[in-house]
Each structure stands twice: as structure tokens, then as C-alpha cells.
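A.B. asks: Spelled out, the chains give:
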Amino acid sequence: AQSVAQPEDQVNVAEGNPLTVKCTYSVSGNPYLFWYVQYPNRGLQFLLKYITGDNLVKGSYGFEAEFNKSQTSFHLKKPSALVSDSALYFCAVRDATGGGNKLTFGTGTQLKVEL
Amino acid sequence: DVKVTQSSRYLVKRTGEKVFLECVQDMDHENMFWYRQDPGLGLRLIYFSYDVKMKEKGDIPEGYSVSREKKERFSLILESASTNQTSMYLCASGLQGVHEQYFGPGTRLTVT
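Respectively, the protein sequence lines represent chains A and B.
For the first sequence, my numbering gives the first residue as 1, with consecutive numbering after it.
For the second sequence, my numbering gives the first residue as 116, with consecutive numbering after it.
Isolated chain B (complex conformation):
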């Protein structure tokens, strides 16, 4: 079974803090993705990576950055957290080509 794990299920941070969200997959997938999920808006892609050290912006990259130093690990960084970044963050991984993505359990981040 594919396993995608995220470092925290719940996280509370203060405005202005630097926040790291970690994601690890164990299936040697080339692609990894970070989404945020908000009610009524569905999932929106923040960043994705198709190889180590490679990254591409998704639909809403502003205020975020990412790092992929190893194939199995993809980190999302909020350089200076703001209250409008309060959301559910979902990581996913998948093979190259037309394949399904596998999701982690999500991190519910609250910025106060």
C-alpha cells in the first residue's frame, strides 16, 4: 500500500512565524504535490515537484515556498504565516503520466 505521511495533523502558529509542513511518501513516486483545501473552494494546488530539486508553481503559490532535497520528502514552507493561510493542507504523490495521486491525512493549520 502506498503511504503518504504528514508531520502533523493539527498545528497552531502565530502570525509572522515561519512554518514547515513535511510530507514523506514511501512508493518512490516522482511527483509530489501540496494542496490547500477550503470549504466551497475544493482543492487548490500550491506547488508541485516532478523530481528532486525541481518545483513548479501551482495555482496559488503566493506566500509559500517548497523544498525537495530527497525523492521521498516534500516540504511546504510558509515564510511568514498569516491568518488567511489558516486551512487544511494536503500532500499527495503519484507516478509520472496519467495516474492517480495518493494523499496524506492532511494538516489542519490555524494561524492566530
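For reference, chain A alone in the conformation it holds in the complex:
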């Protein structure tokens, strides 16, 4: 079965510093990976996805993610954090069952960016 792990419940970073939110995956077959963000009292918003091709994927709001097959990781990054980036971040992997349309989500990482 497909799964993703987000090893950190919370990440704290100072505004202007680079940020990384970690995600590792376990799949049989090709990994299709996603990042979502959730602001307080809102639904999830799609940030970016990796299907194939370049290992560095660029997404919304200046975020990018690096796919690393040997380390089975898909970490979310941003060169310079903003206070407004403070939110809950979810990594997800496509589940090959159910016609390949399902996603399996991680438990989420709370990002806190402080002045």
C-alpha cells in the first residue's frame, strides 16, 4: 500500500530564512506526489505535484519541492519564508487502487514563520 510520512509535527522558521517541510514516501511502482496547504478554517489548496521529469518541481506562492528517488523523499522548500506562509502542510501520494484516482495523505506539518 502507498503511504507518506511527515516526520515533523511542527516546523519553526524565522521570516526571510529558507524553509523545508519533509516528506518521505513508500510506493510500489512510480510515485506521483503532491503538496497541499491549509490555512486556518479553510479547505486544502493544491501547491504542486511530481509526476515525472525534473526532480525539482515549482509550484504556487514561490514553493518548490525536490523529488529524490534514492532517499524516497519529496521535501517542500522555499528560499525565503514569509509570515503569511504559516499554515498546515500536507504531503500526499497517489494510491494505485481505486482506479488510480485516490490520494493518501500524510498527517500534516504545522509551519510557523516568526518575525
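Simulated from the structure, these hints should not be mistaken for lab results.
Only a predicted model underlies this, so the values are computations on that prediction, with no experimental measurement involved.
Treat the hints loosely; a few may be bogus.
[Said to hold, decoys possible] To give a feel for the contact side, a few chain A residues facing chain B, derived at Cβ under 7 Å:
hint	residue
1	Tyr32
2	Arg42
3	Leu44
4	Phe46
5	Lys49
6	Ile51
7	Gly53
8	Arg94
9	Asn101
10	Phe105
11	Gly106
12	Thr107
13	Gly108
[Unchecked claim] Straight-line alpha carbon distances no greater than 27 Å define the calculated BS3-like cross-link-like pairs of lysine-lysine that follow:
hint	chain 1	residue 1	chain 2	residue 2
14	B	Lys133	A	Lys49
15	B	Lys172	B	Lys118
16	A	Lys69	A	Lys49
17	A	Lys58	B	Lys118
18	B	Lys172	A	Lys77
19	B	Lys133	B	Lys168
20	A	Lys49	B	Lys170
21	B	Lys118	A	Lys49
22	B	Lys133	B	Lys172
[Claimed, not checked] Computed far set for chain A versus chain B, every beta-carbon distance over 10 Å:
hint	residue
23	Glu15
24	Glu66
25	Lys77
26	Glu114
Backbone N, C-alpha and C fix where the C-beta goes; we use that ideal spot for every residue, glycine too.
Could you slot chain B onto chain A? The hints should help.
C.D. replies: Same frame as chain A, but now just chain B:
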């Protein structure tokens, strides 16, 4: 822009009541999903549908049912609400294939 709307943002129901949560999407997506979100557990899939009148169980279907009579609408039903169903419920839609899902704003349900 894709829009997924949910009938209520906040809902309070009593134990044993029948509860309907409605979700509507306006992008002609084939797939629709219901998740519940609980702290420390992330999102867990309750049911999904890949076509009108079609449904499949997700990871935690017990105590829930769904209905999809029209392509744009996907309803989640709690036949007899219980306190352990107090949660945030998120609806999503998406195209067939390896595509992202689009989420509604969520319904925070409290069962007392």
C-alpha cells in the same frame, strides 16, 4: 477557477440524528471525495465516487453512506450520528487520472 462548495461551515447535531452534508462542484469533474480531518491523523478517506451513482468505500466508511445522483453533487450521510463523528469534513473533486484534487472549505460537525 474550480469551485467546490459545501452546504454548511459549522453544524451541531445531537447523537442519533441523521445528518446530511452536501457538496457541489462546478467543473464537471468525474471524481468526488469525502474526507474527515482530525488532529494528528491527517485526512482519511471516507468514500469516493468516480461517476454518477457509483461509489467506493475509502479507509473509514463505517457509520457513513453517500449518494451521487448528479455529476456535480456528492452527499455524505451519517445515518445515526455519534460523538466520535465530531470532526472536520472535507469534500474534494478531481479529474480522472493523475490529477490534483480541489477541496471545499470544510464543514466542522459537532455531535453532542
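A.B. asks: Look at each hint and say if it fits the structure.
C.D. replies: Here's how the hints hold up against the structure:
{"no.": "1", "hint": "Tyr32", "result": "5 Å, holds"}
{"no.": "2", "hint": "Arg42", "result": "6 Å, holds"}
{"no.": "3", "hint": "Leu44", "result": "4 Å, holds"}
{"no.": "4", "hint": "Phe46", "result": "4 Å, holds"}
{"no.": "5", "hint": "Lys49", "result": "6 Å, holds"}
{"no.": "6", "hint": "Ile51", "result": "6 Å, holds"}
{"no.": "7", "hint": "Gly53", "result": "13 Å, violated"}
{"no.": "8", "hint": "Arg94", "result": "6 Å, holds"}
{"no.": "9", "hint": "Asn101", "result": "5 Å, holds"}
{"no.": "10", "hint": "Phe105", "result": "4 Å, holds"}
{"no.": "11", "hint": "Gly106", "result": "6 Å, holds"}
{"no.": "12", "hint": "Thr107", "result": "4 Å, holds"}
{"no.": "13", "hint": "Gly108", "result": "5 Å, holds"}
{"no.": "14", "hint": "B/Lys133 x A/Lys49", "result": "38 Å, violated"}
{"no.": "15", "hint": "B/Lys172 x B/Lys118", "result": "24 Å, holds"}
{"no.": "16", "hint": "A/Lys69 x A/Lys49", "result": "15 Å, holds"}
{"no.": "17", "hint": "A/Lys58 x B/Lys118", "result": "23 Å, holds"}
{"no.": "18", "hint": "B/Lys172 x A/Lys77", "result": "34 Å, violated"}
{"no.": "19", "hint": "B/Lys133 x B/Lys168", "result": "21 Å, holds"}
{"no.": "20", "hint": "A/Lys49 x B/Lys170", "result": "26 Å, holds"}
{"no.": "21", "hint": "B/Lys118 x A/Lys49", "result": "20 Å, holds"}
{"no.": "22", "hint": "B/Lys133 x B/Lys172", "result": "20 Å, holds"}
{"no.": "23", "hint": "Glu15", "result": "26 Å, holds"}
{"no.": "24", "hint": "Glu66", "result": "19 Å, holds"}
{"no.": "25", "hint": "Lys77", "result": "19 Å, holds"}
{"no.": "26", "hint": "Glu114", "result": "22 Å, holds"}
Figure legend: structure checked against the earlier numbered hints; hints not met, in rising order: 7, 14 and 18.
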